[in-house]
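The primary structure of each chain is shown beneath.
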Amino acid sequence: MSENRQVRNLNALLDVAKALGGEMQLDNLLPIILQKTTEVMDADRSSLFIYDDTTNELWSKVAEGMGEKEIRFPVGIGIAGDVAKTLKTANIPDAYEDDRFNPAFDKKSNYRTKSVLCMPMINNDGSLVGVVQVLNKMDGGAFDDQDENLLEALSVQAAVAIQRAQLLEAFVEKQRIQESLKLAADIQMGMLPKNFPAFPERDDFDLFASIIPAKEVGGDFYDFFLIDEDHLCFVIGDVSGKGVPAALFMAVTKTHVAASTIPGVEPSDILFRANNELSKDNDQGMFCTIFYGILNTKTGEVHYSNGGHNPPYIVREDGTNEQVEGTMGIALGVMDEMDFGVNAITLKKGDSMYLYTDGVNEAMDIGGNEYSYERLEEFLTSTAGQKTTDIVAGSLSDIEVFVGNAEQSDDITVLMVKYTG
Amino acid sequence: MEIRDKKEGEVAIIEPVGRIDTNTSGEFEDKIVEVMDRGETRFVVDLKEIDYISSAGLRVFLMAAKKLKSSGGSFVLCSMSDHIKEVFDISGFTPIFTITPDQASGAEAA
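Quick mapping for you: the protein sequence lines, in order, are chains A and B.
The first sequence begins at 1 in the numbering used here and counts up one residue at a time.
The second sequence begins at 1001 in the numbering used here and counts up one residue at a time.
So here's chain B without its partners, still in its complex pose (with noise of 0.2 angstroms):
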């Protein structure tokens, strides 16, 4: 899958594109893995261009935030649409990430 990754000031910004299921899911938990490995500890992951998320998609999440929180880190995820969303809400993921509505706010909570 076609995961970009930037850097603005402090904060390390990832873009996945498609989809984070199982098939693709590794990958993703891959190149967060690496950006932590590079030192970075203040994470913004725009879903702006994804469109779908398995559970093995939110474990790779709920993975990176418990590591970031115990290291003092933090993860914060931005630009869900309405279908990501609701996958969050169902599983009763909302309330422990913190979410914002688009990039710039998510490098501000960061």
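Looking at chain A on its own, in the form it has when it is part of the complex (with noise of 0.2 angstroms):
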């Protein structure tokens, strides 16, 4: 090589370096690294295609007008693809003796390809970043060796600046992620009304809720209002599996159990209605077990429907206490048209009834044991009395010290009305 190049390749990869040291974007990138390969390789013009795992294809933008598009196409296919798919380097004196080459773009362009020099960008790692591709020559000949070790220099240079944008998008995206499901957990959480006391000019009852989020948003949730002067009704509800789906499956739920409440309506119409609602176009299976009480404020009846969800409790003023029956009924969205049962039950003046989602009876220790119904059991006894404030307060914290350090998988949510007549 005469040093004359020499100094001239040594200066045009400094220069490469200091252009792609500052960019951060792969959008911006991408032309800067080809502006600076077509310069130094004193080529016609240049293109790079990305390597994208996911789909085993590449992919380049390129001008289209005024803007620009994106194409694809699999690894294996033309000369680029080919060499994504073998790792080596093709340095071809004129594209239409190699049958590689597709013809299609020079047409459409108007553009006559004759030498090309391709080669793979290989990451530290050994994987692969993408493939860069230099195409004509200024001289008129073809590349020769000092090209390919320069051009090997420029593409170890440019597979680090994208890897570096790839990885530095990705984290953003991931964050981005997490920002926005953050929000849909507060979202939701905001659904839930959490002014207590509730009814602070109501002394014939007393009711508190409570939930412990797990982790990652879930589809646990509770929800009671007064029907009407006399009548005050309490719903808890489970959204199977987690996540954004749960979550939104959730407003729903609970949007269209409000939205069937109708005075004088029995809970077992309230849901067969949102059912109904729930099951049209359902087509991931998504449900939603609930348990509806009505509280008839003046006697103490409890009118109950009980949707697939865990049996409430039934406590007494001493702390005796019992799973209420159940009724007929399936989790909401399962499936149309489906008949709902009723029971009724009445609370004396003390009595209550504790709502829970299975958080509660399934959490678990770091040994893998449950909480269980045992010990929820042995717990309402003890509290005897307190108000439920403190009970459902107490409750939690109860489940709280027998979980220990052992990861909360499942929200945790408890709603307890009393009858003080």
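There may be inaccurate statements among the hints.
[Claimed, not checked] If you want a taste of the chain B side facing chain A, the calculated C-beta under 7 angstroms gives, among others:
1. T1022
2. R1059
3. G1092
[Stated by the list, open to error] EDC-like mimics (lysine to aspartate or glutamate), calculated; alpha carbons at most 16 angstroms apart, straight line:
4. K1069(B) with D336(A)
5. K1067(B) with D281(A)
6. K1066(B) with D281(A)
7. K1069(B) with D283(A)
8. K1067(B) with D283(A)
9. K298(A) with D230(A)
10. K1066(B) with D336(A)
11. K1085(B) with D1102(B)
12. K1066(B) with D283(A)
13. K1067(B) with E1040(B)
14. K1067(B) with D1030(B)
15. K85(A) with E57(A)
16. K61(A) with D27(A)
17. K114(A) with E97(A)
18. K1067(B) with D1037(B)
19. K1048(B) with E1002(B)
20. K182(A) with E216(A)
Bear in mind the hints are in silico, worked out from the structure with no lab data behind them.
Backbone N, C-alpha and C define an ideal beta-carbon position, used for all residues, glycine too.
With the hints as a guide, bring the two chains together.
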């Protein structure tokens, strides 16, 4: 190599290093690499194809009209595709002599490709980042060994810059997703009534509810409101699965259940209507177990329907407790036109109902033992006579103590309503 | 999770092992979909070696049963322990699934 050419190449590489060093955005980086490559290689044009390992394709952005469009093709197709597949440099004096060459682009753009130098861009860890392709050496001849060395030096720098930009993009994307998940969880929690005492003007009943959400956004919810002066509706539910789909389904369920609640209508009919709405177009098989009760605040009578939910407890004033009898019913969203049954029990003054999700009885300690119904029942017996606020808070802390350092995998939700006559 | 699958005559038999919960239900769903994509339409899921099913797991059963029903196939569950049966009973799912005592009767029902 002439000393002149060597110096020129070194300077060019330094230039490229400087140009690539400052750019962190992939969209800005690619044109810089292209421009520098064409310049340094003394070629007519160059292309960069980025490897997508999820689809085993190469993609590139090409100028089209005023804008640009993305082209994609599988590894193995054409010269660049073959280089990506074999990880071997292709140095071709005349493209038309090479059967991997596809002349379609030439025809479309009225271009004549002659010499081609195409090289894989490999990372430090040996993985493929993409393929760089240089077309038509300016002097009209073929690319030589020196050109290959130069392009290799260039592509090593480009690979590092591209990977750095990709990692940054992935990191930013991950953060964005985490932030939106956090936002989804906040919105979801914001849908639950949280102002307690919820009915400060009422002394005929007392109600408290609380939820400890799992780390990942889940699908537990509760709700309560007065249907009319003498009827308090209280609901607890648990949507299958986790994440944004569960959170969305929970929001829709809560809305449909509230919208189906009409004065004078039994819980079984309310769940029947809500279930028909939720079962429409529900191909993903999402569902929500639900317990729906209506307390007559004059008489203490509770009418309830259970749609596949863990049976709540009736807790007598003296602390004795038992699970309420089941009713006919299935989780909401499973299938439309399903019938629900209704049962009635009467709360005496001082009696209450304790509603919970399976995050309570299935809470696990580090040894894999479940909190269990037995421990819950003992707890309910031991807190006889306390206010709902204290029992619910005490219940959640009893679970927390039991779970210890084990990770909480499910939402834990408790709602308690006490009839005070 | 470990999920075995085999074919007995015209029936695809799936044998999951361990727990089908939030962490493993995705894997279980992928397996069912993979076997469906092979063109299988008659399914028996043998729950003999399953210790726990959460609501996330129930969702996969429901999705599979719905898909197969709409395409004229069948989806049968067999060999449930009492504990698993209880999960199906509480959620109200028992009446909407075909449940048999063992694999042989399951294959017959599928």
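Against the structure, the hints come out as follows:
Look at T1022(B): its Cβ gets to within about 5 angstroms of chain A, closer than 7 angstroms, so that hint holds up. Hint status for R1059(B): holds, given a least beta-carbon distance of 4 angstroms to chain A, under 7 angstroms. For the restraint placing G1092(B) at the interface with chain A, the shortest Cβ-Cβ distance is roughly 3 angstroms, inside the 7 angstroms limit, so the hint holds. The hinted pair formed by K1069(B) and D336(A) meets the criterion: a straight-line CA distance of about 15 angstroms does not exceed 16 angstroms.
Restraint check for K1067(B) and D281(A): the C-alpha separation of about 12 angstroms stays at or below 16 angstroms, so the hint holds. Under the criterion of a C-alpha separation no larger than 16 angstroms, the hint pairing K1066(B) with D281(A) is consistent with the structure, at around 12 angstroms. Using a Cα cut-off of 16 angstroms, the hinted pair K1069(B) and D283(A) holds, with the two alpha carbons roughly 12 angstroms apart. A distance of roughly 8 angstroms separates the Cα atoms of K1067(B) and D283(A); the hinted pair therefore holds under the 16 angstroms criterion.
Proposed proximity of K298(A) and D230(A) is supported: the alpha carbons are some 6 angstroms apart, at most 16 angstroms. For the hint linking K1066(B) to D336(A), the alpha-carbon distance of about 12 angstroms falls within 16 angstroms, and the restraint holds. Proposed proximity of K1085(B) and D1102(B) is supported: the alpha carbons are some 14 angstroms apart, at most 16 angstroms. A C-alpha spacing of about 8 angstroms is found between K1066(B) and D283(A), which places the hinted pair at or below 16 angstroms, so the restraint holds.
Proximity of K1067(B) to E1040(B) is assessed by CA-CA distance (about 12 angstroms); at most 16 angstroms being required, the pair is judged to hold. Our distance criterion of 16 angstroms between C-alpha atoms is met by K1067(B) and D1030(B), whose separation comes to about 14 angstroms. The suggested pairing of K85(A) with E57(A) holds, with an alpha-carbon distance near 10 angstroms, which does not exceed 16 angstroms. This hinted pair checks out: K61(A) and D27(A) have alpha carbons roughly 9 angstroms apart, not beyond 16 angstroms.
Only pairs whose Cα atoms come within 16 angstroms are accepted, and K114(A) paired with E97(A) is accepted, the gap being roughly 9 angstroms. Of the pairs offered as hints, the one joining K1067(B) and D1037(B) holds, with about 12 angstroms between alpha carbons and a cut-off of 16 angstroms not exceeded. Restraint check: the Cα-Cα separation between K1048(B) and E1002(B) comes to about 13 angstroms, which is no more than 16 angstroms; the hinted pair holds. Of the pairs offered as hints, the one joining K182(A) and E216(A) holds, with about 9 angstroms between alpha carbons and a cut-off of 16 angstroms not exceeded.
The structure shown violates none of the earlier numbered hints.
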